[in-house]
Amino acid sequence: MKPSGTFRSGPVALHEAALLTDLYELTMAASYFSERMDRRATFSLFVRQLPPTRSFLVSAGLEDALRFLTDVCFTSEAITYLRELERFDSEFLDFLATLRFTGDVRAIAEGTVVFGNEPLLEISGPIIEAQLVETAILNLCHFQTVVASKAARTVIAARGRDVVEFGLRRAPGLDGGMKAARSSILAGARTTSNTLAALTYGLPPSGTMAHSYVTTFPHEIDAFRAYVRAFPETAILLIDTYDTIAAAQKAVTVGKEMEARGERLVGVRLDSGDIVALSKAVRAIFDAAGLSYVQIFVSGGLDELQIEDFLARGAPINAFGVGTRLDVSADAPYLDMAYKLVMYDGRPVLKTSEGKKTWPGEKQVWRVRNADGRFDHDVIGLAAEPAPRQGAQPLLTPVMARGRMLSQPPSLAAIRERCAAQIAALPDPVRRLRGAAPYAVRYSDRLIALQRETEALPH
1 MKPSGTFRSG PVALHEAALL TDLYELTMAA SYFSERMDRR ATFSLFVRQL
51 PPTRSFLVSA GLEDALRFLT DVCFTSEAIT YLRELERFDS EFLDFLATLR
101 FTGDVRAIAE GTVVFGNEPL LEISGPIIEA QLVETAILNL CHFQTVVASK
151 AARTVIAARG RDVVEFGLRR APGLDGGMKA ARSSILAGAR TTSNTLAALT
201 YGLPPSGTMA HSYVTTFPHE IDAFRAYVRA FPETAILLID TYDTIAAAQK
251 AVTVGKEMEA RGERLVGVRL DSGDIVALSK AVRAIFDAAG LSYVQIFVSG
301 GLDELQIEDF LARGAPINAF GVGTRLDVSA DAPYLDMAYK LVMYDGRPVL
351 KTSEGKKTWP GEKQVWRVRN ADGRFDHDVI GLAAEPAPRQ GAQPLLTPVM
401 ARGRMLSQPP SLAAIRERCA AQIAALPDPV RRLRGAAPYA VRYSDRLIAL
451 QRETEALPH
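Just so you know, we're using the working numbering here: the sequence shown kicks off at 1 and counts up by one.
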């Protein structure tokens, strides 16, 4: 099928997707074209340094990246627009009109734990093709990796309790809301309040009620009774609109009325106040009434550190709705992610700028485990090197050849399982949310030698 120029990520369609690039990608491409530079290049996508609050990242966004590479092309409308800029000659624009991505991609699977300087993917192909996709690939992988990493920490903090992604209304745009939901589920969130995301990813959406619903009724208990009549099997009552303790007593009354009808109240939600004290008081009220099955769901500007604190203080919470701080990754909203040329025409290349030095050559990341199966350390080496030791796992594998995906991407459920296994295999000191120990990432002797040799060349 001929590419249409439209990139589709789930239900979100981006028209003229080839123009989702910075202008300098096009001007560099035009210069390469005029110089007849068309040899094979390799670019590496990696995070230079982890943010101070991160001890690991979770790789995400690969499926979107591969679909973009599969579909990207310049439509006649895009070419007309570029022609009207009066920056590019007709020969170059005619070339762009027939351009398709024909390169290869090696990548780390989505849901894999990664660390600083480790390539999430490497793209190889004719220099213009590999250069032009830089901006889009960064965009597609960066935000999703940011949110997946935040979500993984949130799931760790919840200690097996359900986490529901709640952040669509404050996510960075509609597409950002969809990607945040997927990335959160990938990293272990049970589901999302985003109904479109739930449809797209085959999940039951989760939700309760808003304070506006409660205040619509003359009396709080009237709102509770109306809601459970409408949703007798799924009702979770929001009890902090006025007086939380008084509302819990009203919820007990409603719960008893439901029992008399052969129904059960699922739970109540706390969204404000002293969550630890209120959750304990509410739990005691329901337990004393014989409604110990009623669950306590908590929301309200949460993050993983608050969740960890609540549970450390004995809060009897069953599930968490985490929204804004998850969807924008409030404590670490961006990564120092880069897409850098590491090889051109068989020649290793690097950047030596202070604080931004890169490693040359096509690479492999090897993961070494302890005898108990936990991760011990990683080794970044050259792609052509043998494994540093028996049993070391290569993380970068071929996923695209000559512009075609080698297989269909795994399901979100499969990626989620991988991520859970990866988190479980982290050393406990690395997995800590506060004061985590750094994970050991080493560099092979051959990679170090190549970097020194390349630096020594005249530039």
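Hint data in this document are derived by calculation from the structure and do not stem from the laboratory.
Errors might be hidden in some of the hints.
Said to hold, decoys possible - Mimicking DSSO-like on lysine-lysine, the simulated pairs with C-alpha atoms at most 27 angstroms apart in a straight line are:
(1) 280 - 256
(2) 351 - 340
(3) 250 - 280
(4) 340 - 356
(5) 357 - 340
Predicted model, so just to flag it, every value in this text is computed and none were measured.
Verify the proposed pairing of residue 357 with residue 340, using a straight-line Cα cut of 27 angstroms. Within the cut-off at roughly 10 angstroms; holds.
Straight-line alpha-carbon gap residue 250 to residue 280, limit 27 angstroms: holds (17 angstroms)
For the pair supplied as a hint, residue 340 and residue 356, confirm whether the alpha-carbon distance does not exceed 27 angstroms. holds (10 angstroms)
Please work out if residue 351 and residue 340 have their alpha carbons no farther apart than 27 angstroms. Holds. Residue 351 to residue 340 sits at ~8 angstroms (cutoff 27 angstroms).
Regarding the pair residue 280 and residue 256, is the alpha-carbon distance no greater than 27 angstroms? holds (20 angstroms)
When each numbered hint is compared with the structure, no violation occurs for any of them.
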